[in-house]
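Q: The listed protein sequences correspond, in order, to chains A and B. So for the first sequence, the UniProt record's numbering puts the first residue at 1; every next one is plus one. So for the second sequence, the UniProt record's numbering puts the first residue at 1; every next one is plus one.
The hints are simulated quantities; they were obtained by calculation from the structure and are not laboratory data. A couple of the hints might just be wrong.
[To be verified] With a straight-line Cα cutoff of 16 Å, these simulated EDC-like cross-link-like pairs (lysine to aspartate or glutamate) come out:
#1 191/A to 208/B
#2 79/A to 99/B
#3 79/A to 208/B
#4 12/B to 93/B
#5 4/A to 48/A
#6 4/A to 60/A
#7 191/A to 164/A
#8 137/A to 47/B
#9 79/A to 93/B
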Amino acid sequence: MSVKIGVPSKGRLMEKTFGWFADRGVELGRSGEEREYAGFVRGVENVELVLLSAGEIPRELAAGRIHLGVTGQDLVREKLGGWEQVVEEVELLGFGAADLVLAVPQAWVDVGTLDDLDAVAAAFRERHGFRLRIATKYHRLVRDFLRDNGVADYQLVDSQGATEGTVKNETAEAIADITSSGDTLRANHLKTLEDGMILRSQATLFRSRRVAHDPEDHAALKALLETLGVG
Amino acid sequence: MSITPDNRAAVKAEAARLRDLFEAAGAVPVETSVLQPAGTLLDLYGEDIRARAYVTSDALRGEQMLRPDFTVPVVQMHMAHGAEPACYTYAGEVFRRQEDDRDRANEYLQVGFEMFDRRAPEEADARVFAVIHEAVKHLPLQAVIGDIGILMAAVDGLETTERRKAALRRHIWRPRRFRALIERFSGRAPVPESRAALLAVKDPMACDAPMIGLRGPDEIAARIRALREDAATPPLAAREVELLDAVLAVRETADNALEHLRDIAVDMPAIASAVEALAKRLEALERAGVAPHSLEFEASYGRTQMEYYDGFVFGFSVPKRPDLPPVATGGRYDALTRRLGGGHEIPAVGGVIRPDQVVALEGGA
C-alpha cells in the first residue's frame, strides 16, 4: 500500500499545486506522455500521485480512496454533507482564490443588500407569478446561505456554465457564481451585493478522515506531512 | 432511530394501534401517493424544501418529490372530494433528506389525524390535541403549545404602514429576518449605505448599465417609490417594540401565559381577541381532560419549523433531550388551505405521531 494524494489533473491549479509541493521538497509531476494521466512523486517514500478532476476530489476523499487531496473549499462544502466529519483542512495553499458571490443586474439601482433582494423577490413573485430565479451550480451553499439570511420567494435554476449570461438571456434574474476579479460580472452588467459574499474559497490540502487505518500508510503520511511542514 | 429490521414489526404494530385509535375517534382512513408533484410543494415552502425533501424526475411529469409529509396531499384530496366537516387519518412513510446529520432518519412512519371543520375552531384545536395526547399519554413527554395567531395579531396591530406589516407577516417564520426588519422599522439599525445613497440622488433611475433581464424599469421605479414612502414613515414607537418583544418572550405554563398575555393586551388591544381565542381553547382543553397548568406555552413555538401553521401549534417532546425529534407535532394551517385553494379557505387543524419514536421510548431507548 501507499499514501495516495489527489491533485487536479490540469491547468493552473495543477501547476500551482506542483509548485507548492516543490517549494517544500516534494516533487510531483506527470509522467509519460502529455495526455497520460499518470504521475510520479520524488522526495518522499511510499506516496502515490493520483490525477483527478478538481470536482471529483471531494468524492474520492469522502470514499477514503485517497488520503490527501488538493481542491477548492467551495467544492468540498458544496459536495460533502457534514464535511468537517469527512475531511480535515490541513493547509490553505494561498492560491486558487475564488469567491462565491450573489450578483444582480447593475441596472437594479434599488438593490444593494440581501434585504433588498428579499423584498424584490416578494414583489417579483407577485408581479410575474413565479419565484425570482437565481442561476448557480452551487445549490447547497447558496440555499443554506439564503436560508440563514432569511431570504424567501426565490428559486435556484441549475447553470453549469456561462452563468453570467443567464440574466441577459432571461433564464434567471440573478446569479450566484465564483469570481476572482469580478471582471466577468462587470462585462455582463452584473454587480455583487454588499452582503452577498457566500464563501471565500481557496485551494486547500485536505486529509480524508475515512481511510482505513494501515500502520505503514500512517507512517508514510506522517513523514509526508512533516516534509511539507504541515504535520 | 428509524425503521430497522429489528424494530420494523414493533413500529408497524404501533402505527396500526395509532390508526385504530384515530379511527375510533371518528377519522376516516385515507391514502396518498408517495410521489408528489414538486411544483406545489416548492410554491408553498420555497426553495428550502429541496434541502428537506428528495427530488426525482421523469420526462413526462417533471420533478416529483418523495412525500415529505401528508398535509398537502390530504388537503388537496379533501378540497377535491371532501364534504365538511371531515376528519381523516393516515399512516405511511415520509421521506426527509438529511444533509448534515447521519443520525437523523431519512425515512420514517407518520400517523396523522386531521380535522376540517369551520364551526368552532377552538373546539377543533382542543379535539385534535386531546386525541394526540390520549395516544401518547403513557410516555414521559412534555407538551408545548403556542399560537402563531397571537403573533400575527400583534403585527397587524402595529401603528405603521400596511407595507411594513406585510413584510413582517411574511417573515413570521424566519425569526432572524423578522428581527432585522423590526430593527430597521424602529430606526435602531442604520439605513444601509446603498439605500441612503439611492434616496439622496435626484434621479435614482439614472444608470449607465443597460437594462437586462425580466425585471423591468417600471418594477424598479415602483420599488424606489416604496422605499421613499418607507423612508418617510416614522419609526415604530419604542413602546410598541417593547410590547411585541414581551409577547414573543412569553414562556410559562399555559394558565400563567394566558394571564400574562391578558396583561400585555391591556396595552396592546390588537391581540385581545387572539388572546381570548387562546382562553377558549384552554377551556376546551380542560373540558377534554387536559389541564392548562400541565402545558408549557411558548409564544415563539413553531416559528422556525412550521411555516403555514398560522394559529394553534403544539408538540410533544422528551424533556431535556433536544437531540431527539418530537414524538408528535401539529397545529392549525388555515393559511395553507387558503394558498392551495387559491383564496378559498377550509379551516383545518391536525397532528402527526412518529410511531418509531413511541416504540423507542417504550423500549427505554
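Q: Are the hints correct? Go through all of them and say.
A: Now the hints, each set against the structure:
Pair hint residue 191/A plus residue 208/B holds up; C-alpha atoms about 13 Å apart against a cutoff of 16 Å. Taking the CA atoms of residue 79/A and residue 99/B, the gap is about 10 Å. The hint holds against a cut of 16 Å. The hinted pair formed by residue 79/A and residue 208/B fails the criterion: a straight-line CA distance of about 39 Å is larger than 16 Å. For the given pair, residue 12/B sits about 11 Å from residue 93/B by alpha-carbon distance, which is consistent with the 16 Å threshold.
The suggested pairing of residue 4/A with residue 48/A holds, with an alpha-carbon distance near 5 Å, which does not exceed 16 Å. Between residue 4/A and residue 60/A, the direct Cα distance comes to roughly 11 Å. Compliance with the 16 Å bound is thereby established for this hinted pair. For the hint pairing residue 191/A with residue 164/A, the CA-to-CA distance comes to about 11 Å; that is within 16 Å, so the pair holds. Simply put, residue 137/A and residue 47/B have alpha-carbon atoms about 14 Å apart, close enough for the 16 Å limit, and the pair holds.
Taking the CA atoms of residue 79/A and residue 93/B, the gap is about 27 Å. The hint is violated against a cut of 16 Å.
Consistency note: the structure conflicts with the earlier hints numbered 3 and 9.
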